[in-house]
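2 protein chains.
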Amino acid sequence: MSDGSKPKMESGIGQRRAQARGQQNAAYADRRSEILAAAAKLFKSQGFRGTSLVHIADQVGTDRASLYYYFSSKEELFDVLVTDVVKKNLATAEGIRDSADPAPEKLRKLIVGLMESYAEHYPFLYVYLQENMAHVAPKRQAWARQMRQVNRRYETAITDIIRMGIDEGSIKAAGEPWVLAYGVMGMVSWTHRWFNPNTSEVDARAIGESYAEVILAGLAAERG
Amino acid sequence: MSDGSKPKMESGIGQRRAQARGQQNAAYADRRSEILAAAAKLFKSQGFRGTSLVHIADQVGTDRASLYYYFSSKEELFDVLVTDVVKKNLATAEGIRDSADPAPEKLRKLIVGLMESYAEHYPFLYVYLQENMAHVAPKRQAWARQMRQVNRRYETAITDIIRMGIDEGSIKAAGEPWVLAYGVMGMVSWTHRWFNPNTSEVDARAIGESYAEVILAGLAAERG
Numbered sequence: 001m002s003d004g005s006k007p008k009m010e011s012g013i014g015q016r017r018a019q020a021r022g023q024q025n026a027a028y029a030d031r032r033s034e035i036l037a038a039a040a041k042l043f044k045s046q047g048f049r050g051t052s053l054v055h056i057a058d059q060v061g062t063d064r065a066s067l068y069y070y071f072s073s074k075e076e077l078f079d080v081l082v083t084d085v086v087k088k089n090l091a092t093a094e095g096i097r098d099s100a101d102p103a104p105e106k107l108r109k110l111i112v113g114l115m116e117s118y119a120e121h122y123p124f125l126y127v128y129l130q131e132n133m134a135h136v137a138p139k140r141q142a143w144a145r146q147m148r149q150v151n152r153r154y155e156t157a158i159t160d161i162i163r164m165g166i167d168e169g170s171i172k173a174a175g176e177p178w179v180l181a182y183g184v185m186g187m188v189s190w191t192h193r194w195f196n197p198n199t200s201e202v203d204a205r206a207i208g209e210s211y212a213e214v215i216l217a218g219l220a221a222e223r224g
Numbered sequence: 001m002s003d004g005s006k007p008k009m010e011s012g013i014g015q016r017r018a019q020a021r022g023q024q025n026a027a028y029a030d031r032r033s034e035i036l037a038a039a040a041k042l043f044k045s046q047g048f049r050g051t052s053l054v055h056i057a058d059q060v061g062t063d064r065a066s067l068y069y070y071f072s073s074k075e076e077l078f079d080v081l082v083t084d085v086v087k088k089n090l091a092t093a094e095g096i097r098d099s100a101d102p103a104p105e106k107l108r109k110l111i112v113g114l115m116e117s118y119a120e121h122y123p124f125l126y127v128y129l130q131e132n133m134a135h136v137a138p139k140r141q142a143w144a145r146q147m148r149q150v151n152r153r154y155e156t157a158i159t160d161i162i163r164m165g166i167d168e169g170s171i172k173a174a175g176e177p178w179v180l181a182y183g184v185m186g187m188v189s190w191t192h193r194w195f196n197p198n199t200s201e202v203d204a205r206a207i208g209e210s211y212a213e214v215i216l217a218g219l220a221a222e223r224g
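Protein sequence lines correspond, in order, to chains L and V. Residue 15 in this note's numbering sits at position 15 of the first sequence, with consecutive numbering throughout. Residue 62 in this note's numbering sits at position 62 of the second sequence, with consecutive numbering throughout.
These aren't lab readings, by the way, just hints derived from the structure by calculation. On a predicted model such as this, the values are computed, not experimentally measured, just so you know. Ideal Cβ placement from N, Cα and C applies to all residues, glycine included. Hints may be right or wrong, so weigh each one.
[Unchecked claim] Computed list of lysine to any residue pairs in SDA-like fashion (alpha-carbon distance at most 20 Å, straight line):
{"id": "1", "chain 1": "L", "residue 1": "K172", "chain 2": "V", "residue 2": "E213"}
{"id": "2", "chain 1": "V", "residue 1": "K172", "chain 2": "L", "residue 2": "R205"}
{"id": "3", "chain 1": "L", "residue 1": "K172", "chain 2": "V", "residue 2": "R205"}
{"id": "4", "chain 1": "L", "residue 1": "K172", "chain 2": "V", "residue 2": "A206"}
{"id": "5", "chain 1": "L", "residue 1": "K172", "chain 2": "V", "residue 2": "K74"}
{"id": "6", "chain 1": "V", "residue 1": "K74", "chain 2": "V", "residue 2": "K172"}
{"id": "7", "chain 1": "L", "residue 1": "K172", "chain 2": "V", "residue 2": "R108"}
{"id": "8", "chain 1": "V", "residue 1": "K172", "chain 2": "L", "residue 2": "A220"}
{"id": "9", "chain 1": "V", "residue 1": "K74", "chain 2": "V", "residue 2": "G61"}
{"id": "10", "chain 1": "V", "residue 1": "K172", "chain 2": "L", "residue 2": "L216"}
{"id": "11", "chain 1": "V", "residue 1": "K172", "chain 2": "L", "residue 2": "E222"}
{"id": "12", "chain 1": "L", "residue 1": "K172", "chain 2": "V", "residue 2": "G61"}
{"id": "13", "chain 1": "V", "residue 1": "K172", "chain 2": "L", "residue 2": "A206"}
{"id": "14", "chain 1": "L", "residue 1": "K172", "chain 2": "V", "residue 2": "A220"}
{"id": "15", "chain 1": "V", "residue 1": "K172", "chain 2": "L", "residue 2": "R108"}
{"id": "16", "chain 1": "L", "residue 1": "K172", "chain 2": "V", "residue 2": "V202"}
{"id": "17", "chain 1": "V", "residue 1": "K172", "chain 2": "L", "residue 2": "A217"}
[As the list claims (entries may be wrong)] According to the in silico footprint, chain L covers these stretches of chain V (three or more CB under 8 Å from chain L):
{"id": "18", "stretch": "71 to 77"}
{"id": "19", "stretch": "171 to 181"}
{"id": "20", "stretch": "187 to 199"}
Chain L extracted, bound-state conformation (with noise of 0.2 Å):
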């Protein structure tokens, strides 16, 4: 096929790709976000592997040719898609815990806030809690590097959290404070396995509530 005339194109499409973006264009942010904004609707109906970049250009009346002027690959598109959300929901998780609410409520909004946000990001965030950050593609290394990070940052403030509760005396040590704050993560993600908000009969405030009562009431502190 084509396949021996691409990286040539690509890497054509690709100085004039880094050019553009380099110069702050408006009208080349604009299409760049109406072409995210097409990509995240065709991800969520149809899913990432079902969708091509095809799709993704007729969505936008355009072709794949010209896409290649704003995205190297669709992996590149779904790259930017889950980075923005997983950063937002890190910087979420950080102002949690550098707020002045007691620990117990720290933990709450952020049990609630990051269910609420798999609902809202359905399913990018899934996908991204399925894909096996060791095993992405060669050529996607430092975004999962750098994804990496984020998510013990994320880890590292539930920690924080737990630790500054069992510090205050509001939370009891029922553990290490690390194996605590995995068994939160674990019992908020491993809804990736089961819960669709669009055919779910619970929604995900009602499990979020439900998970974070539990987990408060699990790890309160005995009453001296």
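With chain L fixed as given, assemble chain V onto it according to the hints.
Same frame as chain L, but now just chain V:
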């Protein structure tokens, strides 16, 4: 390569394999167990992907062709190893559910037992958890279907225990029983992302007991 002749060889060997199994030959069964033990050891130390049938044959002092007399593929070896453990775990969970213990004690036994089982059979159950049952190779569809059924029964056993606890007044209805059951499952099974019994500072039993303590306190019925 020799792919063209493989199905023919396979089918001849396959018939002899089927015959040998049918005859309940003690020597055959012993040798089969020996191969299973060797495979288990190699999957554990080198991982499933890092292990080939040649490695396994070397370990038991035979060659790959002779191995086909016992197992059709590396996948079959893995399935046999995992299937037994998964079914044993289900029997344990259903036994706990059907025991005379109060529901909270049932939950505690199930959580601690499951964590210990993850460590005892490391890394088989984790590799199994990581495998997306929906995406297994077409020739393993029957196995995947059977495993999905076992998973469903396992989840049903936890849901039943929670429902029993709500009925007997020992467990608080902090949400739909199945949502709570999936939360318990998630807390324990998420360990596949981070727990390695060979390197962890905290052992499986301690993790299980931490999580059981949180879940039991979290679901404890309020004292009237």
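Now the hints, each set against the structure:
1. With a C-alpha separation of about 10 Å, the suggested pair L:K172 and V:E213 falls inside the 20 Å cut-off, and the hint holds.
2. With a C-alpha separation of about 19 Å, the suggested pairing of V:K172 with L:R205 holds against the 20 Å cut-off.
3. The suggested pairing of L:K172 with V:R205 holds, with an alpha-carbon distance near 19 Å, which does not exceed 20 Å.
4. Between L:K172 and V:A206 the CA atoms are separated by roughly 16 Å; this keeps the pair inside 20 Å, and the hint holds.
5. Under the criterion of a C-alpha separation no larger than 20 Å, the hint pairing L:K172 with V:K74 is inconsistent with the structure, at around 47 Å.
6. About 46 Å separates the Cα atoms of V:K74 and V:K172, which puts this hinted pair outside 20 Å; it is violated.
7. About 18 Å separates the Cα atoms of L:K172 and V:R108, which keeps this hinted pair within 20 Å; it holds.
8. Proximity of V:K172 to L:A220 is assessed by CA-CA distance (about 15 Å); at most 20 Å being required, the pair is judged to hold.
9. For the hint linking V:K74 to V:G61, the alpha-carbon distance of about 17 Å falls within 20 Å, and the restraint holds.
10. For the proposed pair V:K172 and L:L216, the alpha carbon gap of about 13 Å is at most 20 Å, so the pair holds.
11. For the hint pairing V:K172 with L:E222, the CA-to-CA distance comes to about 18 Å; that is within 20 Å, so the pair holds.
12. Our distance criterion of 20 Å between C-alpha atoms is broken by L:K172 and V:G61, whose separation comes to about 54 Å.
13. Between V:K172 and L:A206, the direct Cα distance comes to roughly 16 Å. Compliance with the 20 Å bound is thereby established for this hinted pair.
14. Taking the CA atoms of L:K172 and V:A220, the gap is about 15 Å. The hint holds against a cut of 20 Å.
15. Restraint check: the Cα-Cα separation between V:K172 and L:R108 comes to about 18 Å, which is no more than 20 Å; the hinted pair holds.
16. With a C-alpha separation of about 18 Å, the suggested pairing of L:K172 with V:V202 holds against the 20 Å cut-off.
17. At most 20 Å may separate the alpha-carbon atoms for a hinted pair to count; V:K172 and L:A217 meet this at roughly 11 Å.
18. Proximity of the stretch 71 to 77 of chain V to chain L, defined as three or more residues with a beta carbon under 8 Å from a beta carbon of that chain, is not established by the 0 residues found.
19. For a cut-off of 8 Å, the count of residues in the stretch 171 to 181 of chain V with a CB near a CB of chain L stands at 6, and the three-residue condition holds.
20. With a threshold of 8 Å between beta carbons, the proposed coverage of the stretch 187 to 199 of chain V by chain L holds, since 7 of its residues qualify and at least three are required.
The structure is inconsistent with the numbered hints 5, 6, 12, 18, although it conforms to all the rest.
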